[in-house]
Amino acid sequence: MTSPSHGTVDRLLCAATAVVASLAVALALVVAPTDAVQGEPQRLMYVHVPAAWLAYLAFAAVLVASVAHLLTRDLRWDRRAQASAELGVGMTALAIALGGIWGRPVWGVWWVWDPRLVTTAVLLLVYVGYLGVRGLGDDRAAGARRAAAVGILGFINVPVVHFSVVWWRTLHQPATVLSPDPAPMDPWMAAALATAVVAFTLAGALMVRRRLRVLASADAPTAEAPRPPTDAPAEALVVVPRIRR
Amino acid sequence: MTAADVPAARRRQLPVRLLLVAGVVLVAVGVLAVAGLQGSLVYYRTTSELVADPELPGQRVRLGGLVVAGTVETTAEGVRFELTDGVQDVPVVNTGQPRGVFQEGQGAVVEGILGTDGVFRSDVLLVRHDNEYRAPADGTGRPAEDGG
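Each protein sequence line maps, in turn, to chains V and X. Position 195 (the first sequence) corresponds to 195 in full-length UniProt numbering; numbering is contiguous. Position 21 (the second sequence) corresponds to 21 in full-length UniProt numbering; numbering is contiguous.
Hint data in this document are derived by calculation from the structure and do not stem from the laboratory. Quantities reported herein were computed from a predicted structural model and do not represent experimental measurements. Treat the hints with caution; some may be incorrect.
Claimed, not checked - Calculated from the model, a selection of chain X residues having no Cβ within reach of chain V, i.e. all distances over 10 angstroms:
1. 53
2. 55
3. 70
4. 74
5. 78
6. 80
7. 88
8. 106
9. 130
To be verified - A partial selection of chain V residues facing chain X, derived with a Cβ cut-off under 10 angstroms:
10. 26
11. 29
12. 32
13. 33
14. 36
15. 37
16. 106
17. 129
18. 169
19. 179
20. 182
For every residue, glycine included, the Cβ atom is placed at its ideal position computed from N, Cα and C.
Use the sequences and the hints to build the structure in full.
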């Protein structure tokens, strides 16, 4: 049986995501005007920017959870770092793919070797490496510590990616909102973007929560043994049947 | 904790595998960095830099700037226009097909060679749009502020 708190929070998150995402779709596709210069392809902003934002947020969560893991050696923090990193890798790949689809009609090319795109590709590689490092060897605790070190060092690249458009000349345009020098944006476009960012963030939180329960069940037989017996079996009973079958 | 349960022999294998993976990651990042950033830390030159640097004419470079309003014309050779950084104007003839949302008053990055006649001949034209997003002012597809 589902522990009521987990289930309730998940259902609330799920409902909130559905409502906000529907609103974002309506705002992005119907209400927001077509961009004067770029035309319809500019609407890709409403998925490209939230994907990049969620990647930043996920990697910030990896940083915090990695520091917490090194301080406490608690594997719960390690699982939070891993689940966040998985989300971040997916969102980085999504942002790159959507950026290519946006770039082809507007810039004229899918990909250019400009600093924003190159640093983003490096960001993806670093966190794919982070996920790879965890699996090296059979020692769960040592893998978690190594991953935490990569998770902390890897975050250096996040501000480099974000400010690459300020520090270097790029084909990629500078940020409009999260920028030292904000630029004008149509209010309905801004509303669509903000709503889409909230929708992505809610969906990301939901995915991380669900993934955490899977990871906890994988750790349960060995690492979770010292935990109070009332807690561990409840989680194991919930998750294992759902995932394995 | 759990580290103590793992046989020592198993843990000794780790550095080799760790080094292997670290090596692969380093090589991948290195290749990306060299192939990508070497040419693109300065992704494009400005028109002033192109004209001021005696090394650049005759070399294949990327040149970026704003497309000067009123200079775009289609000729037999290709599209002819002037790029500016606000100080220096450089005439450009692009033989490739202009792609993207190429238009006057917007940014563009061209790849090619500055000839001795002062004309930059390019075969790749990319559009560098700005970070402002707005609705068309009058249905012409152009923002009102772009007029002048």
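Evaluation of the provided hints:
1. For residue 53 of chain X, the non-interface assignment is confirmed: its Cβ lies about 15 angstroms from the closest Cβ of chain V, beyond the 10 angstroms cut-off.
2. Even its closest Cβ contact with chain V, about 18 angstroms, leaves residue 55 of chain X beyond 10 angstroms, as expected for a residue assigned away from the interface.
3. For residue 70 of chain X, the requirement that its beta carbon stay farther than 10 angstroms from each beta carbon of chain V is met, with the minimum near 18 angstroms.
4. With a least beta-carbon separation of about 17 angstroms from chain V, residue 74 of chain X lies farther than 10 angstroms from that chain, consistent with its non-interface assignment.
5. At roughly 15 angstroms from the closest C-beta of chain V, the C-beta of residue 78 of chain X stays outside 10 angstroms, upholding its exclusion from the interface.
6. Every beta carbon of chain V lies more than 10 angstroms from that of residue 80 of chain X, the smallest distance being close to 18 angstroms; the non-interface claim holds.
7. Taking the minimum C-beta to C-beta distance to chain V, about 16 angstroms, the non-interface status of residue 88 of chain X holds against the 10 angstroms cut.
8. Here residue 106 of chain X does not stay apart from chain V, with its beta-carbon only about 6 angstroms from theirs, under the 10 angstroms limit.
9. Not every Cβ of chain V is farther than 10 angstroms from the Cβ of residue 130 of chain X; the closest lies at roughly 6 angstroms, contradicting the non-interface assignment.
10. A cut of 10 angstroms between beta carbons decides the hint on residue 26 of chain V: the least distance to chain X is about 17 angstroms, and the hint is violated.
11. For residue 29 of chain V, the interface hint is violated, the least distance from its beta-carbon to any beta-carbon of chain X being 15 angstroms, above 10 angstroms.
12. Taking 10 angstroms as the C-beta cut-off, the interface hint given for residue 32 of chain V holds, the closest approach to chain X being about 9 angstroms.
13. At about 3 angstroms, the closest approach between the beta carbon of residue 33 of chain V and any beta carbon in chain X falls short of 10 angstroms, and the interface hint on this residue holds.
14. This hint holds: residue 36 of chain V has a C-beta 4 angstroms from the nearest C-beta of chain X, less than the 10 angstroms allowed.
15. The restraint placing residue 37 of chain V at the interface with chain X holds, with a minimum CB-CB distance near 6 angstroms, inside the 10 angstroms limit.
16. A least Cβ separation of about 5 angstroms between residue 106 of chain V and chain X falls short of the 10 angstroms threshold, and the interface hint therefore holds.
17. Proximity of residue 129 of chain V to chain X holds as hinted, the smallest CB-CB distance being about 5 angstroms (cut-off 10 angstroms).
18. Contact between residue 169 of chain V and chain X, as hinted, is supported at the beta carbon level, the nearest pair being about 5 angstroms apart and thus within 10 angstroms.
19. Look at residue 179 of chain V: its Cβ gets to within about 7 angstroms of chain X, closer than 10 angstroms, so that hint holds up.
20. Taken as an interface hint, residue 182 of chain V checks out: its beta carbon lies about 9 angstroms from the nearest beta carbon of chain X, inside 10 angstroms.
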